[in-house]
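Q: When you get a sec, could you build the whole thing from the sequences and use the hints?
Protein chains: 6
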Amino acid sequence: MPLLHLSTWPEVEAYLNTSKGMIIPIGSTEQHGPMGLIGTDALCAEAIAKGVGEATHALVAPTISVGMALHHTAFPGTISLRPSTLILVIRDYLVSLVRAGFQRFFFINGHGGNIATVKAAFAETYAVLADLQVPDADQVRCELANWFMCSSVMQLARELYGDREGSHATPSEVAVTQFLYPEAIKRVPLNPEVNTGHAIYGATDFRRRYPDGRMGADSSLASPEHGQQFYEQAVQELSDRYRQFLQAD
Amino acid sequence: MPLLHLSTWPEVEAYLNTSKGMIIPIGSTEQHGPMGLIGTDALCAEAIAKGVGEATHALVAPTISVGMALHHTAFPGTISLRPSTLILVIRDYLVSLVRAGFQRFFFINGHGGNIATVKAAFAETYAVLADLQVPDADQVRCELANWFMCSSVMQLARELYGDREGSHATPSEVAVTQFLYPEAIKRVPLNPEVNTGHAIYGATDFRRRYPDGRMGADSSLASPEHGQQFYEQAVQELSDRYRQFLQAD
Amino acid sequence: MPLLHLSTWPEVEAYLNTSKGMIIPIGSTEQHGPMGLIGTDALCAEAIAKGVGEATHALVAPTISVGMALHHTAFPGTISLRPSTLILVIRDYLVSLVRAGFQRFFFINGHGGNIATVKAAFAETYAVLADLQVPDADQVRCELANWFMCSSVMQLARELYGDREGSHATPSEVAVTQFLYPEAIKRVPLNPEVNTGHAIYGATDFRRRYPDGRMGADSSLASPEHGQQFYEQAVQELSDRYRQFLQAD
Amino acid sequence: MPLLHLSTWPEVEAYLNTSKGMIIPIGSTEQHGPMGLIGTDALCAEAIAKGVGEATHALVAPTISVGMALHHTAFPGTISLRPSTLILVIRDYLVSLVRAGFQRFFFINGHGGNIATVKAAFAETYAVLADLQVPDADQVRCELANWFMCSSVMQLARELYGDREGSHATPSEVAVTQFLYPEAIKRVPLNPEVNTGHAIYGATDFRRRYPDGRMGADSSLASPEHGQQFYEQAVQELSDRYRQFLQAD
Amino acid sequence: MPLLHLSTWPEVEAYLNTSKGMIIPIGSTEQHGPMGLIGTDALCAEAIAKGVGEATHALVAPTISVGMALHHTAFPGTISLRPSTLILVIRDYLVSLVRAGFQRFFFINGHGGNIATVKAAFAETYAVLADLQVPDADQVRCELANWFMCSSVMQLARELYGDREGSHATPSEVAVTQFLYPEAIKRVPLNPEVNTGHAIYGATDFRRRYPDGRMGADSSLASPEHGQQFYEQAVQELSDRYRQFLQAD
Amino acid sequence: MPLLHLSTWPEVEAYLNTSKGMIIPIGSTEQHGPMGLIGTDALCAEAIAKGVGEATHALVAPTISVGMALHHTAFPGTISLRPSTLILVIRDYLVSLVRAGFQRFFFINGHGGNIATVKAAFAETYAVLADLQVPDADQVRCELANWFMCSSVMQLARELYGDREGSHATPSEVAVTQFLYPEAIKRVPLNPEVNTGHAIYGATDFRRRYPDGRMGADSSLASPEHGQQFYEQAVQELSDRYRQFLQAD
Ligand code: NI
Ligand code: NI
Ligand code: NI
Ligand code: NI
Ligand code: NI
Ligand code: NI
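Protein chains in written order, with this note's numbering: chain A, 65 to 313; chain B, 65 to 313; chain C, 65 to 313; chain D, 65 to 313; chain E, 65 to 313; chain F, 65 to 313.
Take these hints with a grain of salt, some might be off.
Restricting the straight-line Cα-Cα distance to at most 20 Å, the calculated cross-link-like pairs of lysine to any residue (SDA-like) are [as the list claims (entries may be wrong)]:
no., chain 1, residue 1, chain 2, residue 2
1, B, 114, C, 70
2, D, 84, C, 269
3, F, 250, A, 80
4, F, 84, E, 77
5, D, 250, E, 269
6, C, 114, C, 207
7, A, 114, F, 244
8, B, 250, C, 121
9, C, 250, B, 66
10, E, 114, D, 247
11, E, 250, D, 77
12, C, 114, B, 176
13, D, 114, D, 208
Calculated directly from the structure, the hints in this document are not laboratory data.
Owing to the predicted nature of the structure, the values given are computational and were not obtained by experimental measurement.
A: As structure tokens, this is what we get:
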């Protein structure tokens, strides 16, 4: 424990006698600019979820590594589910787990582009569970926790990077991956000019607006040390939030 | 003009020579507490959309009256689409309209519960349009404008109602419907105690948390005069925003 | 009452103690030739449904304004759902309403192109309701009432227009919209020659066959006075039919 | 020839040089009362389709034996597709065939319950073909020919059976199966009383209304000789109609 | 009996008192080279299923004539369902039949390309039946029996044809159709060279690899006499297997 | 490299100039008996895929950790996609990647239950890619490589375990996880009696047949040393196979 993947089913059965909660990391597999890793959002979510799992003795599901990244698909290496597919994936996860007795799902998310679809999926799933007359379907609760929107994380990013944090391929998320995977730190020159301020529409438009993939972010400011700070802040804040989620009446 | 429903196809053809924009009101058909109308979200969105259409000479589509209100379905009179259905509905609307030459879709929304699904639908639709190789698919842009989140509207609500505005069956939205439909003003005693602060999960849980349907809102503060103010603020602010949306490069 | 949108949920709850019936107007958003309104089918269905609701004290749902009009999509301004989407929409409406206690659904339809899909949706929905084990699922009944096929309406159309009534953008439906929306009466010259007699296939073929969108109809024969007559005939005949629908054992 | 199943692909390739037409029989697998065969609708459609194929040198596809019979599913032996499934089946058939060069699809149908769904499927498919940009998608035409609604057939049924023809498990359709499968003629006593006049809703309601499955029909009037007459009339009338269908401009 | 299509519902009701088993033939409608029939897979499966039905007094459903043959669709005359469609078709069949009391489904399959999808459909359907809480859903069992993989059949093919049996448009399957439909034996010269050994990917690639449609098979070795042997072997072996399937605890 | 998640998009762009191949690990999240890890199938597939990626300089996608495990869902901790969902997931992965230029997809699979659905997904996807007219869609090839069916692996298992290898929660797969995750080796007594020989149907039936989750396997025979051997054999054999896959004409 706390990884579901490293547990046996009797261990899960025993866990359910102590907790109905599960943490589900969800990220994305998408371009993160010239130096950000394609797995950034999944890797960050996964690591922080494990940290929260350790801190709270919560079971952590395998990471949903591919999310809703359609707007990044004009860059090679991006993989995206359709929103309609991701809704079904989350429905299937939760139906499996609720039938087994889980009731509190805490999604630790690493990708802004997932938010809308995941919330839609929660709504769809509550209705499906009721349709299926799964016992205690009305006790099921899902919460979406975006690590990059933790107040401690946002404050730290502001302090370290000001408005060079940007909104995609940000130095904060790049830093976390540098902390986690120092062997995969990329040294590439970045154009100091980076576009910002355009809304997100389709994939072709996105690449036209943001030719190297970054949105207003100076990824080069990242460092492994920063990454460790972000990681620790996120784990602490989300651990508190997870405990509150479980304790809410 | 500006109502699509009151136009002919040659008029639409002519309009397309002057603008690629369309306003699409979207609301919901759901309980709004003991005195709020079931159609509140649709009626507000529709009226404000017409106002914006008049102010900006924009074409206004028929209202999507039924949205994503699954969490309200434990109250009679609520009708809800599944998120997965609403995604298809929006896809179908936009595919029809983009094939005809429209490129800028400004959704004026009256219901917080629609936001996630509508955004997911936009993402899905951009990809579908690219798949279909519709000419100029990469020029299509959708924007979601929630009238109740206009800064002028929120400020006015704060001034008039403080924290008795709440978040569902709010006096501000009730006021707009009283302005629009004075014949349907409901006089019913409201419990001065109203729950607030619980997150939204499934429908049964929602009704358990919010027994009369209101979320922290004192709907009784509404008046038609307030409603007119909200209406006018929303129309003005969203008209500006629509113009900017069209002009953005 | 009788509009669901102008009711509160406690009013709906009270209504359900007196009746399990609901009227659902369904139309289309599609070209209706050079002088017919794009909203013709939705506007007629909505107005007649309200009239029937008033006459019978029945609750009237918000109008399904966009229906199955794929064959009209080669004309700008048309919006259509796929049949597969419309089936889901109707399913979602009815599941919401049956769970709340409604059992008799009287669809007042303004568009011939909806008929097949709506009937398919009824069949699909009966099975879904049984699957969901909704209480009293086996008591649910849906009826499709096409106002333009009322015998009184068809007779009047024959008397007034003979075979110039045609089958799309008909003077009878145009007349009803002129009665309802006199401010939107269009004065445009119509080609006295109008095609007729071709079966309906895809959208491109349709526009090739019917270049201005009319099918054998001389829309110019319409007048608001005629419209009032059609409206009143339809309301009367459908009110009778709705009462019989409710009373059937 | 004319059976697709007994042809080779080079024969089909050669056929396409002479005709773009295909006949597709569609029936149902559903209860037909105490003496009617479960396969009645499929068997009649298949045999008549083969007859028309022979008369017109048209290629006949394999029969769609299971159709939309949800309302009969409370009787054992019935198999039904959902409308949404049948739409996909027809879409898949036609996409395969149109890509190969077929353009005229003449569905010979043996089951009233299929009509709505099949028409919806045609509409859906025209749009799908256009979406796929299949060459000559706009030349594709589908026609639904219900053998039991041939004027010659209906007249003969009236002459032979009057109002004892009924509308399900009719002596006319039973007669055709007796002509085709004399070894499967069932001799069972029929209750002379048979219900009639109730609309069709869900499966449970249907069985309650029509306890032995027949709708107003005295199946016992059928004879193989009648069946031959019906068969021949249908083949002749539908052969004419198929030729006109191919020749229509 | 044993054909469902030639039975009445009371006969099926009686049958269910003696057996919960049903045989469902499934084939394909696809090119089988220059001399193999397009219906080969369906015709073989259907005939063998009838033979097994007679031998075991089992009820035989109508044949699923169109299966998963997407890789053959570059040859005219092929019709294919998508895997996702075929899954729904099988789900619909089984839901209908399980609700009526059937529990053992023995699919006699004539097409290798169906195997994966049919197995996926079984898994999907078990879950759907559990979701629907159909009584005794957990007693339902499906078995897929590929006649061409019967050990007796494969041995005979090896003896008769050695490695000229190939894997598509094989002399063994062609022989069975020659036995069943001697009137449809095709006499065409076959290229003695035939490709083999390429994996199956998409339709265009398939036709490029296998220009006349055969995969390593010398269809010309087939004879009706061989066909009878194959037929009899398959019927005998599958009859035994069906009996074991029913008797398994 | 070779992990997609640790690469940047410009690195992927460069990679595509040297290879069109990608390795996609796919496993399952399902019970593996009292001592096998729930993540066994995903962990093995992932590790072996990385090994093959290193040996062949191939890019490795993030693991599909949740597969088709519906039959294991009666044991807590199992998560399963429906086959219909998994088909969409694979479709979405491949559409993203093919649009970016990838053409050879080598799925390294750790779970027998995935095989049918994955193969169905390949067929569906080839057709979707052709529908979408993605450039070079007809060059796309997918191969499914089950590491546990490598001849070297099966031989080693036979040598080490004989028929105590069984077919689920096998000592061979448990051994690989022990090699990979020695910190997660479970010491639990296993019932020496273990069921075997029952076919797989639904989840409830599966648990009834196999009460502790194992199918004929003596997981206790596993050791980390064995695991290393299996791992190395699988990596070597699959590396060869991947190279052949890329080189095939
Ligand atoms: Ni990111
Ligand atoms: Ni509201
Ligand atoms: Ni109309
Ligand atoms: Ni019939
Ligand atoms: Ni074959
Ligand atoms: Ni395993």
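Q: A separate judgement is required for each hint: does it hold in the structure or not?
A: Against the structure, the hints:
no.	hint	result
1	B:114 <-> C:70	holds (19 Å)
2	D:84 <-> C:269	holds (17 Å)
3	F:250 <-> A:80	holds (19 Å)
4	F:84 <-> E:77	violated (58 Å)
5	D:250 <-> E:269	violated (52 Å)
6	C:114 <-> C:207	holds (17 Å)
7	A:114 <-> F:244	holds (18 Å)
8	B:250 <-> C:121	holds (19 Å)
9	C:250 <-> B:66	holds (14 Å)
10	E:114 <-> D:247	holds (16 Å)
11	E:250 <-> D:77	holds (15 Å)
12	C:114 <-> B:176	violated (28 Å)
13	D:114 <-> D:208	holds (16 Å)
Comparing the model with each numbered hint stated earlier shows that hints 4, 5, 12 do not hold.
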